[in-house]
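> Please model the complete structure; the sequences and the hints are all you need to start from.
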Amino acid sequence: MRPRRFLLPLPLLLLAAPAALAQSPAAPAISSGDNAWMLTSAALVLLMTGPGLALFYGGLVRRKNVLATMMQSFAMMCIVTVLWALFTYSLAFGPGNAFIGGFHYAFLHHVGLAPDPDYSSTIPAQTYMIYQLMFAIITPALICGAFAERMKFSAMCLFLSLWTIVVYSPMAHMVWGKGGFLNAALGGSVPCLDFAGGTVVHITSGVSALVCALYLGKRVGYPKEPAPPHSVVLSFIGACLLWVGWFGFNAGSALAASGLATSAFVNTQFATATAAISWCIAEWIRNGKPSALGAISGAVAGLVAITPASGFVQPMPALIIGAVAGAFCYLMVTLVKSFFGYDDSLDAFGVHGAGGTIGALLTGFFATTVINPIYGPGKPTGAADGNWHQVLNQLVGVAIAWGLAIVGTLILLKLVDMLIGLRVTREQEIEGLDVTQHGEEGYDFGS
Amino acid sequence: MQKIEAVIQPSKLDAVKDALLEVGIEGMTILEARGHGRQKGHTEFYRGREYTVDLLPKIKIEMVVRDEIAEKAIQAIVSSARTGKIGDGKIFVSKIDEAIRIRNDERGPSAL
Numbered sequence: 001m002r003p004r005r006f007l008l009p010l011p012l013l014l015l016a017a018p019a020a021l022a023q024s025p026a027a028p029a030i031s032s033g034d035n036a037w038m039l040t041s042a043a044l045v046l047l048m049t050g051p052g053l054a055l056f057y058g059g060l061v062r063r064k065n066v067l068a069t070m071m072q073s074f075a076m077m078c079i080v081t082v083l084w085a086l087f088t089y090s091l092a093f094g095p096g097n098a099f100i101g102g103f104h105y106a107f108l109h110h111v112g113l114a115p116d117p118d119y120s121s122t123i124p125a126q127t128y129m130i131y132q133l134m135f136a137i138i139t140p141a142l143i144c145g146a147f148a149e150r151m152k153f154s155a156m157c158l159f160l161s162l163w164t165i166v167v168y169s170p171m172a173h174m175v176w177g178k179g180g181f182l183n184a185a186l187g188g189s190v191p192c193l194d195f196a197g198g199t200v201v202h203i204t205s206g207v208s209a210l211v212c213a214l215y216l217g218k219r220v221g222y223p224k225e226p227a228p229p230h231s232v233v234l235s236f237i238g239a240c241l242l243w244v245g246w247f248g249f250n251a252g253s254a255l256a257a258s259g260l261a262t263s264a265f266v267n268t269q270f271a272t273a274t275a276a277i278s279w280c281i282a283e284w285i286r287n288g289k290p291s292a293l294g295a296i297s298g299a300v301a302g303l304v305a306i307t308p309a310s311g312f313v314q315p316m317p318a319l320i321i322g323a324v325a326g327a328f329c330y331l332m333v334t335l336v337k338s339f340f341g342y343d344d345s346l347d348a349f350g351v352h353g354a355g356g357t358i359g360a361l362l363t364g365f366f367a368t369t370v371i372n373p374i375y376g377p378g379k380p381t382g383a384a385d386g387n388w389h390q391v392l393n394q395l396v397g398v399a400i401a402w403g404l405a406i407v408g409t410l411i412l413l414k415l416v417d418m419l420i421g422l423r424v425t426r427e428q429e430i431e432g433l434d435v436t437q438h439g440e441e442g443y444d445f446g447s
Numbered sequence: 001m002q003k004i005e006a007v008i009q010p011s012k013l014d015a016v017k018d019a020l021l022e023v024g025i026e027g028m029t030i031l032e033a034r035g036h037g038r039q040k041g042h043t044e045f046y047r048g049r050e051y052t053v054d055l056l057p058k059i060k061i062e063m064v065v066r067d068e069i070a071e072k073a074i075q076a077i078v079s080s081a082r083t084g085k086i087g088d089g090k091i092f093v094s095k096i097d098e099a100i101r102i103r104n105d106e107r108g109p110s111a112l
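So the sequence lines, in the order shown, correspond to chains U and Z. What the first sequence shows, in the working numbering, is residues 1 to 447, in sequence order. What the second sequence shows, in the working numbering, is residues 1 to 112, in sequence order.
It is worth saying that the hints were derived from the structure and are not from the lab. Please note that a few of the clues may not be correct.
Calculated cross-link-like contacts (lysine to aspartate or glutamate; reagent style DMTMM-like; alpha-carbon spacing at most 20 Å) [stated by the list, open to error]: (1) U:K218 / Z:E26; (2) Z:K12 / Z:E22; (3) U:K289 / Z:D14; (4) Z:K90 / Z:D18; (5) U:K289 / Z:E26; (6) Z:K72 / Z:E32; (7) U:K224 / Z:E44; (8) Z:K58 / Z:E68; (9) U:K224 / Z:D14; (10) U:K224 / Z:D54; (11) U:K224 / U:E440; (12) U:K64 / U:D417; (13) U:K64 / U:E429.
Here are a few chain U residues that sit away from chain Z, every Cβ distance over 12 Å (derived from the structure) [to be verified]: (14) I237; (15) L346; (16) F365; (17) H389.
Here a beta-carbon is modelled for each residue, glycine too, at the ideal position from N, C-alpha and C.
As structure tokens, this is what we get:
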């Protein structure tokens with residue numbers, strides 16, 4: 001007798017029953033437009049990591065490391081998701097103190113389909129949670145750019161899992177969580193304007209990347225042996241996916257399908273364009289030719305810099321922010337890096353750390369109540385309205401991000417190094433991570 | 001029997017193959033190679049770092065021919081591959097001790 005197919009899902013229903021009972025019924029205040037946009041934005045932000053960042057970084061490394069590099073992004077998509085579901089969402093966005101949430105939302109208790117009015121009253125709490133998850137995924141993935149081509153896969157998984165708990169969750173809580181010290185929207189003590197994560201995502205990851213690069217040391221043969229990108233084509237595709245996905249990152253941070261989302265969308269496009277042009281001009285002057293890699297790197301720098309500013313500034317200042325970021329990051333990546341000699345392999349610090357810092361500071365200057373009356377109707381937002389104190393607050397936010405990133409990363413690197421060791425052996429590094437860490441080759445054109 | 005190895009510009013491959021076919025040579029092995037003689041390479045820039053690329057793409061043609069037509073083969077290659085500029089390439093000739101046809105174990109010049 002054939003087994004009844006419809007009986008198969010029954011055990012799953014038993015597992016789901018307790019969760020269903022704990023959820024509140026869907027409240028009528030949910031806006032279908034807002035929820036549709038936010039779910040779409042969440043998908044766009046995930047696209048930024050996979051395959052956006054995976055391709056962008058993958059193309060920049062040597063052929064023998066392409067899969068290992070892409071695997072790092074993919075591993076974050078999987079591991080951070082599980083941590084988020086279990087307890088890091090709670091640490092970041094649950095009620096707690098000014099610096100960290102508690103375990104109130106662990107296992108997504110109290111996070112159901114009813115809106116959480118502190119964050120958004122028109123979308124289910126789980127929409128907010130899943131949207132924020134995508135940010136939590138890409139942030140550690142960005143750090144991989146600093147230790148590309150020389151980090152053990154096991155050590156990377158352990159280190160970045162701990163980093164999510166120790167660095168990302170507190171920073172996210174401080175800027176965006178209930179009662180957060182820097183939370184401008186929810187009455188934080190030192191309100192810092194960070195619309196989509198200039199401090200939370202880019203400064204923390206970029207500065208942590210620098211610490212990693214310094215702690216792990218240079219790649220074998222750096223800088224004498226040339227290690228040019230094995231496929232700028234892949235990086236190009238990845239960068240374009242990042243650009244489009246970033247609309248979910250920035251415009252989605254409006255948490256609604258609103259005029260503010262439009263502002264953030266427009267600012268994102270404008271800043272990215274001028275940043276790419278700015279980097280290309282700098283290259284044209286210095287090297288005589290504008291390169292494709294330079295253009296896409298400039299675009300990413302612009303995307304990073306406009307991230308904290310996207311929902312606070314007017315469109316014309318967005319053009320300026322992009323132009324400044326493009327040139328500034330170009331100098332960081334060429335002059336500053338070669339002057340100090342650190343091996344930040346894929347320029348995670350030069351683009352994200354530096355771009356995030358300059359973006360966060362410029363946000364204080366250009367933020368205006370015309371776009372975002374975050375302190376109340378008619379109250380000045382940034383220096384553009386006369387509130388110069390905001391620039392100081394931005395500095396505090398930037399300093400906290402830098403400090404948390406440096407201290408947290410150093411401690412975790414030391415810990416993981418003692419436990420299992422961070423770096424592959426010299427022979428493994430020369431042979432390549434694809435074969436030694438994953439038993440695979442990225443390309444096999446012979447077969 | 002003589003082995004003729006010719007390193008030529010990749011863009012000349014079709015012309016050289018056609019010229020060899022015209023003098024009656026049908027068997028050859030083509031390899032993609034990199035190299036340089038007196039030809040300078042070029043520099044590439046990636047994120048501000050300068051890389052000197054001095055291994056240039058080349059095509060290497062190898063063939064083993066009967067002594068009587070070796071000179072005709074060489075002339076065919078030279079006339080079709082020459083541009084007059086540095087980078088045209090070189091031809092090397094060496095003696096071959098034995099040639100064997102795998103299909104039927106035929107040996108000597110008739111195996112070519």
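> Starting from the hint list further up, note which numbers the structure goes against and sort them upward.
1, 3, 5, 6, 8, 9, 11, 12, 15
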